[in-house]
Amino acid sequence: MPRALSEALSAFRRAPLLTGLSALMVGLALLVLGLFSLVAYNLRQALTAVEERVEVVVFLREGARTVDVDATIETLRAIPGVEAVIHVSKEEALQRALTELPEIQEVSSDLEVNPFPASLEVRFLPGSRNAAAIEEVSNAALAMPAVEDVRYGQEWVDRLFSLRRIGAITALALGSAFALVAALIIGTTVRIAVFSRRDEISIMQLVGATNGYIRRPFLLEGAMTGFLGGLLATFLTWGTYQAVYHFLFSLDWIPGQWVWGGIGAGLVFGVLASGMAVRRYLQEI
Amino acid sequence: MIKLLNVTKTFPRTGTALDSLSLHVPKGQFVFLTGHSGSGKTTTLRLIHMAERPTSGEVRVSGFSSQRTSNRELWKVRRRVGFVFQDFRLLPGRTALGNVAFALEVTGTAQKDIRPRAQRLLTQMGLSSKSGSRVGELSGGEQQRVAIARALASDPLILLADEPTGNLDERATRGILELFWTINALGMAVVMATHDLELIRAYPRARVLELDQGRLVYDSQEAN
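Those protein sequences? They're chains A and B, same order as listed. Numbering follows our numbering, with no gaps: position 131 of the first sequence is 131. Offset between the second sequence (1-based) and our numbering: plus 1000.
Simulated from the structure, these hints should not be mistaken for laboratory data. Among the hints, a few may not be true.
[What the hints assert, rightly or not] From the derived model, a few chain A residues whose C-beta atoms are all more than 10 angstroms from chain B:
(1) Leu5
(2) Arg14
(3) Leu21
(4) Arg44
(5) Glu91
(6) Glu136
(7) Asp158
(8) Arg165
(9) Ile185
(10) Ser202
(11) Val207
(12) Gly208
(13) Leu219
(14) Thr240
(15) Leu248
[Said to hold, decoys possible] Derived, one-sided and incomplete: chain A residues facing chain B with beta-carbon distance under 8 angstroms:
(16) Ile203
(17) Gln205
(18) Ala209
(19) Thr210
(20) Tyr213
[What the hints assert, rightly or not] Label-pair restraints from in silico Cβ distances:
(21) A:Gly261 to B:Gln1124: 26 to 36 angstroms
(22) A:Ser176 to B:Arg1120: 55 to 65 angstroms
(23) A:Met276 to B:Gly1015: 48 to 58 angstroms
The model shown is predicted, which means the values in this text are computed figures rather than measured ones. Just so you know, even glycine gets a beta-carbon here, dropped at the ideal spot from N, CA and C.
Just chain A, same shape as in the assembly (with noise of 0.2 angstroms):
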């Protein structure tokens, strides 16, 4: 191994300009897919925080027994995937009111009767935050004697998780398509530079070198020039994350496992590009 090291090195050393491309065309290929997964975990990050904010309100009967609330409160609170159940009584239910609409203060002091039911805000833990968590929880506390109705905003609910559907699938689709593409350039990258050095494969062939130690330079090879090409997409991705968080808007960085997960597919581009570049020059002769 420190032979097929010292000669993927010295390869680097005797063409650094063709070397320096590859890693360059390499980072390019990842760059776009480095972009991608910015874009595509912002928007999951701002779908998550939408999210978030999914809760059932169980509106109670008016008059409804303390006995029978409590009785909705831990029926509601068995269920998997609820976080918590919050009592909102009539009286906070109307100072809440009070503070989020102005225009309430201005009639408030000619009610005679406070107009605002009780409520259980019912929230879910996150990744229970789906349509079938929430008509659980609707459907158990319909069937609760205490219970008068109770709303979710089903329409925007479903148009969320309808979006987030859509954004999966795109996102995957997109992945995939950017994925493919960055492997095609690293692909015929590698190969260019396996090309410029048929000749010297062809004379190791000749004196009687064995396939494995033709290859492994070549492999380790095209495993640096994709590692290079992985670092350097990541510092351009990470050069446009600064550029738009300071001069456009706030964004978060993506998660480390998906930067690595990034110079982990160069690297194995590299290598699956190289060692089929050699397969074809070793078949060849």
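Chain A is already provided as a structure; the job is to place chain B on it using the hints.
Same frame as chain A, now just chain B:
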């Protein structure tokens, strides 16, 4: 040492290159393989080097059979069979010493032995003073000597040469032939493809095999 048993080689585009060819070259023999262009000389050498497989028949080289030697094992054949080409096929970015050392490196010679062995091989080729010269600085004859030194790096039992003097002037040609005879005198079989009949006549001790349209039409050994 080398046996071709009823070998036929057909290429999809150009058709039959060798047609039921059988021959035997024993250890230490010097053979001229001659014939017109397209007669099958190069194909015969490539089959002996196992760069090609026969369409039918069998090639046996130093204990290896074309029918039983896998692609993964070809390197073992290549180390027993040196090959020299008309166009030398040297690495232009390296020196004469670098080209020979490259062959020693890739065949697993210990690092400390590479340089002295490469230098010794070049000295045997009469190139001791040219070891540091780049390929482009060498004459055609000198480049071919470097190629021969490289072919000998793995101590082969057989040396194949495909029109090795085709690009050389008369003086350089004589020099290369003398070198081949010296190598042959050490016990190595030499099979040299050439269409230069004058050259063949100059070395009557050698066996001559003539091919025509892929068939063996003359064998000096049988004629005598």
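Evaluated hints:
{"no.": "1", "hint": "Leu5", "result": "holds, 14 angstroms"}
{"no.": "2", "hint": "Arg14", "result": "violated, 7 angstroms"}
{"no.": "3", "hint": "Leu21", "result": "holds, 19 angstroms"}
{"no.": "4", "hint": "Arg44", "result": "holds, 48 angstroms"}
{"no.": "5", "hint": "Glu91", "result": "holds, 85 angstroms"}
{"no.": "6", "hint": "Glu136", "result": "holds, 62 angstroms"}
{"no.": "7", "hint": "Asp158", "result": "holds, 61 angstroms"}
{"no.": "8", "hint": "Arg165", "result": "holds, 50 angstroms"}
{"no.": "9", "hint": "Ile185", "result": "holds, 28 angstroms"}
{"no.": "10", "hint": "Ser202", "result": "violated, 7 angstroms"}
{"no.": "11", "hint": "Val207", "result": "violated, 4 angstroms"}
{"no.": "12", "hint": "Gly208", "result": "violated, 4 angstroms"}
{"no.": "13", "hint": "Leu219", "result": "holds, 16 angstroms"}
{"no.": "14", "hint": "Thr240", "result": "holds, 39 angstroms"}
{"no.": "15", "hint": "Leu248", "result": "holds, 49 angstroms"}
{"no.": "16", "hint": "Ile203", "result": "holds, 6 angstroms"}
{"no.": "17", "hint": "Gln205", "result": "holds, 7 angstroms"}
{"no.": "18", "hint": "Ala209", "result": "holds, 4 angstroms"}
{"no.": "19", "hint": "Thr210", "result": "holds, 5 angstroms"}
{"no.": "20", "hint": "Tyr213", "result": "holds, 6 angstroms"}
{"no.": "21", "hint": "A:Gly261 to B:Gln1124: 26 to 36 angstroms", "result": "violated, 56 angstroms"}
{"no.": "22", "hint": "A:Ser176 to B:Arg1120: 55 to 65 angstroms", "result": "holds, 58 angstroms"}
{"no.": "23", "hint": "A:Met276 to B:Gly1015: 48 to 58 angstroms", "result": "violated, 31 angstroms"}
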